[in-house]
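Engineer: Since chain R is already given, all that's left is putting chain H on it; use the hints.
2 protein chains.
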Amino acid sequence: MADPSPKPVPLLKDELDIVIPTIRNLDFLEMWRPFFEQYHLIIVQDGDPNKIIKVPEGFDYELYNRNDINRILGPKANCISFKDSACRCFGYMVSKKKYIYTIDDDCFVAKDPSGKDINALEQHIKNLLSPATPFFFNTLYDPYREGADFVRGYPFSLREGAPTAVSHGLWLNIPDYDAPTQLVKPRERNTRYVDAVLTIPKGTLFPMCGMNLAFDRELIGPAMYFGLMGDGQPIGRYDDMWAGWCVKVICDHLGLGVKTGLPYIWHSKASNPFVNLKKEYKGIFWQEEIIPFFQSATLPKDCTSVQKCYIELSKQVKEKLGAVDPYFNKLADAMVTWIEAWDELNNNTSEQTSSKQANGAAK
Amino acid sequence: MADPSPKPVPLLKDELDIVIPTIRNLDFLEMWRPFFEQYHLIIVQDGDPNKIIKVPEGFDYELYNRNDINRILGPKANCISFKDSACRCFGYMVSKKKYIYTIDDDCFVAKDPSGKDINALEQHIKNLLSPATPFFFNTLYDPYREGADFVRGYPFSLREGAPTAVSHGLWLNIPDYDAPTQLVKPRERNTRYVDAVLTIPKGTLFPMCGMNLAFDRELIGPAMYFGLMGDGQPIGRYDDMWAGWCVKVICDHLGLGVKTGLPYIWHSKASNPFVNLKKEYKGIFWQEEIIPFFQSATLPKDCTSVQKCYIELSKQVKEKLGAVDPYFNKLADAMVTWIEAWDELNNNTSEQTSSKQANGAAK
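Residue numbers (my numbering), protein chains in the order written: chain R, 1 to 363; chain H, 1 to 363.
The hints are simulated quantities; they were obtained by calculation from the structure and are not laboratory data.
There could be a bad hint or two in this list.
A pair counts as met if it fits within one copy or between any two copies, since identical chains are not told apart.
[Unchecked claim] In the DSSO-like style, the derived pairs of lysine-lysine whose C-alpha atoms are separated by at most 30 angstroms in a straight line are: (1) K185 - K126; (2) K320 - K301; (3) K111 - K13; (4) K54 - K330; (5) K185 - K83.
Given the structure is predicted, the values throughout are model-derived calculations rather than measurements.
Isolated chain R (complex conformation):
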């Protein structure tokens, strides 16, 4: 008897991990099944490690709770946030793949204007596998997309582009607003589908959201640290922002590209603006000093690896932001710990064990 017709193998099936931070059962994966089923998932369980997180049948996953993180990292586990989705970056560290896609568990499959389900992961992979254009702006957006190209006046020497390190996707329905904007515009929904991917130019910072984000771990992984947030920290909801600022400065220094735009996911539920305000309010002050710091940060020429760049940046954070609040001294130390832990796990060929191993019914 012949095999039933096999499913087509999706792009980068064995080179990409999907990282999901969560505190609840992962029913949201049902909707993503057609797109995620053949990939490996890394689930980072936040909060109470004794809680059992249910993962729908048929997904291939490993799951880490706080006990696993403490066991694997030992004293260095203090660089991984607790009771905050910043814990997701632990998943980036334990992955052995070249690419990471991370998504929040309140994000569903969006539809394009024709009504078709958007395969967000496939679009992220396209973004990552095609070059970026950080050195000059192309007015017709992504020049590598079918039906598009570089416009008149675009220097030919720049048309090879730069390697893409990050693909930042967007959100339909609930936009990623801060607490003050949520409070002022409780009913605002994002209904506009902008059919574009663009490179954020060199020298320009952007607010990187971790909800729907993909990156090349080999190119930029060690800079994707989501900082110290949540339990015991004076701040929350700046984990992805912090990573975005560091990543962009390092990508600019190393000549790597950061894209934003497509794909959209459907963000189902606004988080509580009052809770958010409490988490954010220090960040709202601090970012007024943090952003000029990152805008003017420069890295010396001998910073030729992401790790070297990141350690250098941690020194500058301590030196320049330490005066803003002692928190930044602690954060700068955690940045160093993160790199040490990253190198330990990633120069070490022995596999890490997780509390639950792949059950992979689809395999």
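Structural biologist: For chain H alone, coordinates are given in the frame of chain R:
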């Protein structure tokens, strides 16, 4: 008897001129009638001044041919290109209005995805009247648009934005490609409607196309010089690019914003790629040196007006680009002449006369 119901007065009716460079009858205006009829047109006739250009009935216009330009500017007329659409910048100089919209005569009304005619001018005016965001990137595009806002992580101190000096619109159908791209992709058409307006970040250059362009003459007019192109010059089709590079460097210095994206026009006809190649080929070489020059150009603090910035830039052009080709010495001198002519016409309250005066049947 009551008046027939009057047409609604369009935005900035008495504060905006539409500048059209042409060598032919302006039949294309018929299609634009609903949107342009109530505005004043400045037509700059290129080529043979004895040719009669027909303008459809009912438009309010003034028309300048080469004889007019020579008469009005005297010896300074040599800064205005001949046999090249670069001559359009003469229209910017003689306008007395705060805003300019310039459009090519092979550009027609495009349709949005719902099939509705796009009022390009209205969108440009919206772009110019709302602030720009050159200092930080907003991932949901124009934050001032209805239904949009600044996303989480956007510094509050930057949410007032910067005044918008330029609105750069795009093209459906024939994209604005250089000759090599036209030759390689003769059948490529732009069919993608990207529903976005975005600010080009500070420090980033872009290829500014003059086909569908609006600007605030008071904020940036004296920098909108389209250079020396066409008759007697070694280069063509770089008029708008030159203006764009100068404008962007000066906008960045003065804290002004440049937007690109909506509105689209329908670009009807590709120009001849062989002719274009002849015009462009020196520019294709030269831009490899011009762009790094503009990318690293800085203006001193005492350059507090557009004129001062532009004169300073002309000095740097002579100093740094003179070595690329003697053409740049000539261009640098023409930049100075342009500013002298601009100031003469614009500090002088007496109105300039044109060879044909407004016939304004719509008035």
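Engineer: If a hint holds in the structure, say so; if it doesn't, say that too.
Structural biologist: Checked hints:
Proximity of K185 and K126 under a CA criterion of 30 angstroms is satisfied inter-copy only: 22 angstroms between copies versus 34 angstroms inside one chain copy. Taking the closest pair of Cα atoms, K320 and K301 come within 30 angstroms of each other both inside a single copy (20 angstroms) and across two copies (26 angstroms). In this assembly of identical chains, K111 and K13 lie within 30 angstroms of each other by CA distance solely inside one copy; the values are 23 angstroms within and 41 angstroms between copies. In this assembly of identical chains, the alpha carbons of K54 and K330 never lie at most 30 angstroms apart, being 35 angstroms within a copy and 74 angstroms across copies at closest.
Taking CA atoms no more than 30 angstroms apart as the test, K185 paired with K83 passes inside one copy only; the shortest distance there is 27 angstroms, against 54 angstroms between copies.
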